[in-house]
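Asks: Make a model of the complete structure from these sequences and hints.
Now for the letters of each chain:
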Amino acid sequence: MFDRDRWQEIWSSLAKNKVRTLLTAFGVFWGIFMLMIMLGSGIGLQNGVTNGMGDMATNSVFMWTRPTTEPYKGLPRNRRFYFRNEDIKALIDNIEELDIISPRLEGGGRRSGDNVVYKKNTAAFSIFGDYPEWNLIDPANIIKGRFINDIDIAEARKVAVIGQRVYEVLFEKDEDPLGKYIRINGVYFQVVGVFKPKNSNINFGGDKEQSIHLPFTTLQQAYNYGNIVGWFALTSKGDLPVSIVQDKAIKLLKERHKVSPDDARAIGSFNLDKEFRQMTGLFTGIKALIWIVGIGTLLAGVIGISNIMLVIVKERTNEIGIMRALGASPAKVISQIVSESVVLTTIAGYAGLVAGVFLIELINKNLPDAASQDTMFLNPHIDFQVALTALLIIVVSGVLAGLVPAKRAVSIRPIDALRYE
Amino acid sequence: MALFMIILLPAKSGSHFNNTMMITLNNIHKTYETGSNSLHVLKGIDLEVGAGEMVAVMGSSGSGKSTLLNILGLLDRHDLGDYYLDGKLIKDMNETKAALLRNKFLGFVFQSFNLISFKNAAENVALPLYYQGVSRRSRNKLAMEYLERVGLLPWAAHLPNELSGGQKQRLAIARALIGKPKVILADEPTGALDSTTSGEVMDLFQEINQTGITLIIVTHEKDIAHKTQRIIKLRDGLIDTDHKNGHAKPITKAIVSL
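As they're listed, the protein sequences go chains A and B.
Quick note on numbering: my numbering labels position 228 of the first sequence as 228, and the sequence is numbered without any gaps.
Quick note, my numbering runs 1000 ahead of the 1-based positions in the second sequence.
One or more of the hints may lead you astray.
Only pairs whose alpha carbons sit at most 27 Å apart, straight line, appear in this in silico DSS-like list of lysine-lysine [what the hints assert, rightly or not]:
1. A:Lys-332 <-> B:Lys-1180
2. A:Lys-287 <-> A:Lys-365
3. B:Lys-1141 <-> A:Lys-332
4. B:Lys-1091 <-> B:Lys-1043
5. B:Lys-1104 <-> A:Lys-407
6. A:Lys-158 <-> A:Lys-144
7. A:Lys-332 <-> B:Lys-1088
8. B:Lys-1244 <-> B:Lys-1182
9. B:Lys-1119 <-> A:Lys-332
10. B:Lys-1043 <-> B:Lys-1244
11. B:Lys-1097 <-> A:Lys-332
12. B:Lys-1119 <-> B:Lys-1180
13. A:Lys-16 <-> B:Lys-1119
14. A:Lys-332 <-> B:Lys-1091
15. A:Lys-314 <-> B:Lys-1097
16. A:Lys-248 <-> A:Lys-274
17. B:Lys-1104 <-> A:Lys-332
18. A:Lys-314 <-> B:Lys-1119
19. B:Lys-1091 <-> A:Lys-407
20. A:Lys-18 <-> B:Lys-1119
21. B:Lys-1182 <-> A:Lys-332
22. A:Lys-407 <-> B:Lys-1097
23. B:Lys-1091 <-> B:Lys-1182
24. A:Lys-407 <-> B:Lys-1119
Hints listed in this document are in silico derivations from the structure and should not be mistaken for laboratory results.
Note that this is a predicted model, so its numbers are computed, not measured.
Replies: Now the structure itself:
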C-alpha cells in the first residue's frame, strides 16, 4: 500500500496536468470549506441566540388579563378585570405542579417622560414591582449590592435594584450607588443593588438594562395599585411540562374572576417552553439544511474528481494496458486508481477542513467578548466529531469517485488498452 | 492473410530443446464483431511450438498474425478451439488469472516498445517484479543485472525518451526477461528500427533463445524471419506454410553476455 512505486504512480498521474488537478481538488476543497463554515456559523448563531436566553427558566409561562369577550354570569362582555393578591395564594394552594410563582406589576410613568431623578440627572426607565422569585425566572448578574429580598416584600421597603444602564445614566463614573436615594415618580427609593441582565434576547417591554426593580408590595402601596397584580410568571416542578400549570392556572383564574370558561381571550398567556422548543426545532432544521447543502456542494466536488479520474484513466489507457500485459491484476489496477482518487480528495478535503476550521476560529477570536451579551452570534466552532465525520465522508467519497473510472479501466480488454492511441 | 513460419532449432541449440510442447493450438477460431459486421480472423489454427523453439510468424497485414500472438499472450480470448500453454488448458480464464500467467510465464516485446514514460530504465525493467510482489531492494538489484545483460547499465537512471530506438527495444527485452518467462512474444520487435539495430535486436533474441526460452516473433520482414529456426506463414486466418528455416543464420556476434 505504501511502497514508493505506488506513490510514484499517483504523483505522476496527478502531476501530468497540474492545473486541472488543482481545479478539481478545489471543488472538493470548496465543498468541505463551505460545509465547515456553515456548520460553524450555525453553531455560532445557535449559541448567540440560546446564550441570550440561556439562564432563563425555559419551563415558564406568563399570564395577564385582557377585556373579556364573552358575557358570563350576568356580567357583560368587554369587561376589564385584574389579578389580585389573593390569586397568588389560590394558585399556590390549588396547583400542585406549580414550582415558582412570581407576580409582577409594572409601574407607570415612563411614557409620560422622565420618571426617575437623581441629583441633576433625569431619565425615563421601566419600573417593575417584583418578588425575589423573579430572579429565578429571569436571572440577572447582580454586580453591586443585592436583589430584592423577602424582608423588602414583607415590610414594603422603599428600595430599588437598578439596571446597569440606569446606573450609568444617573450616577457619576465610579460613584457608589448603594445607599443613594433616587426619586421615582415622586417617591424616593434607596438603591440597594445594580444588575446586569443575562438573557438579553428575552425582554418584557423595553431593554432590561434600562429597568428598575422595586419590591412588589412597595410598588402597590406607593402608587396606589391596591392589591392588583399585573401578571404572573409561573414555572412547573421538575420535568413536568409547564403547559399543565398553564391550563390549570387559566382555569382557576377564570373561575375566580367570573370569566366564561369558553373565553379564550380574557387571560393572555405566553408559554416560553413552547417557544423554546420551536426554536430548538428551528435550529435542528437549520442544521439539517446546512448538511444537505454542504453535502450537495461536496458531492459536486466529488463528481468533479470522478470526472477527472475518468479523463486520467482514458489518457493512461495505453499505460494501463502495458501494466496489465506485464501482469498487473485488475484488483491492482483498481486499487491504484482508487488510491489516486482518495489521495486527491483527502488532500483537498483536509485542506478545506483545516481552512474552514481556521476561518471559524479566526471569526471566533475577533468576535466581541461573550460578556457583552448583545450578540446574536457567539462562539462559532466545529466539533471534533463533526470534523471527523467530514473527514470520513471525504475518504468514502474519494473511494466512490475512484471506483467508477477504475471499473472502466479494467473493463477494457488488455489488448485494446495496449493498442489505444 | 497470415503467414506462419516455424523453424526448427539448429542442432547446437538442441540441448535446450526437450520434447515437451510449450504451446499447442487445436482449431483456434477468432471472430471480431464490429456492429453488424463480423470479421472471421482466425479460421482454425493448429499449431505446436516446442519448448525452446524460436519461431517467426509472417503474413500480410490482416492475415491474423497479431491476433494469434495476442491470443497466445492471453491478451485476447479465442472463441473456439483448445489452447494449451505449457500443458495447461487455457479456458474460462478470468482476467486476474490471466494477469498472473502473463506475469509468470510470458514476456512481451512490442513494436512501439510500450515503456512507461515517467519511469526510468531501471524502474521499467523492474515493473513485472513489482506485480510479483518482489521487494524493492531485490527488484532493483535484479533490474541492474538485466540492464547489464542488454548493455544498458549506464542508462539505468535515464527516462525512456532519452534513449534511442534500439536502446528502448533492448530495455523492453530486459523487462520481458526479468520475470524469467518461459515464452517471449514479440510483435514486430524491429518494425520501428533501422536495419543495423534490427540485427542487434535479433542477435539478442538468439542469445535469449539459447538459454532455453521459447520465442515467437511476429514480423513481416523476411530477413528478420530468416534469423529464426522456423517460419510460419499465415494467410487468411489459416496456416499457409510451416517449415524449418534452412537458412537460419548463425549468431554473428555476441552483443551481450548472457
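Asks: Taking the hints in turn, state whether each one holds.
Replies: Against the structure, the hints:
no.: 1; hint: A:Lys-332 <-> B:Lys-1180; in the structure: 21 Å, holds
no.: 2; hint: A:Lys-287 <-> A:Lys-365; in the structure: 23 Å, holds
no.: 3; hint: B:Lys-1141 <-> A:Lys-332; in the structure: 23 Å, holds
no.: 4; hint: B:Lys-1091 <-> B:Lys-1043; in the structure: 18 Å, holds
no.: 5; hint: B:Lys-1104 <-> A:Lys-407; in the structure: 24 Å, holds
no.: 6; hint: A:Lys-158 <-> A:Lys-144; in the structure: 18 Å, holds
no.: 7; hint: A:Lys-332 <-> B:Lys-1088; in the structure: 25 Å, holds
no.: 8; hint: B:Lys-1244 <-> B:Lys-1182; in the structure: 21 Å, holds
no.: 9; hint: B:Lys-1119 <-> A:Lys-332; in the structure: 18 Å, holds
no.: 10; hint: B:Lys-1043 <-> B:Lys-1244; in the structure: 23 Å, holds
no.: 11; hint: B:Lys-1097 <-> A:Lys-332; in the structure: 13 Å, holds
no.: 12; hint: B:Lys-1119 <-> B:Lys-1180; in the structure: 21 Å, holds
no.: 13; hint: A:Lys-16 <-> B:Lys-1119; in the structure: 13 Å, holds
no.: 14; hint: A:Lys-332 <-> B:Lys-1091; in the structure: 23 Å, holds
no.: 15; hint: A:Lys-314 <-> B:Lys-1097; in the structure: 24 Å, holds
no.: 16; hint: A:Lys-248 <-> A:Lys-274; in the structure: 17 Å, holds
no.: 17; hint: B:Lys-1104 <-> A:Lys-332; in the structure: 16 Å, holds
no.: 18; hint: A:Lys-314 <-> B:Lys-1119; in the structure: 19 Å, holds
no.: 19; hint: B:Lys-1091 <-> A:Lys-407; in the structure: 23 Å, holds
no.: 20; hint: A:Lys-18 <-> B:Lys-1119; in the structure: 18 Å, holds
no.: 21; hint: B:Lys-1182 <-> A:Lys-332; in the structure: 24 Å, holds
no.: 22; hint: A:Lys-407 <-> B:Lys-1097; in the structure: 17 Å, holds
no.: 23; hint: B:Lys-1091 <-> B:Lys-1182; in the structure: 19 Å, holds
no.: 24; hint: A:Lys-407 <-> B:Lys-1119; in the structure: 24 Å, holds
Checked against the numbered hints above, the structure violates none of them.
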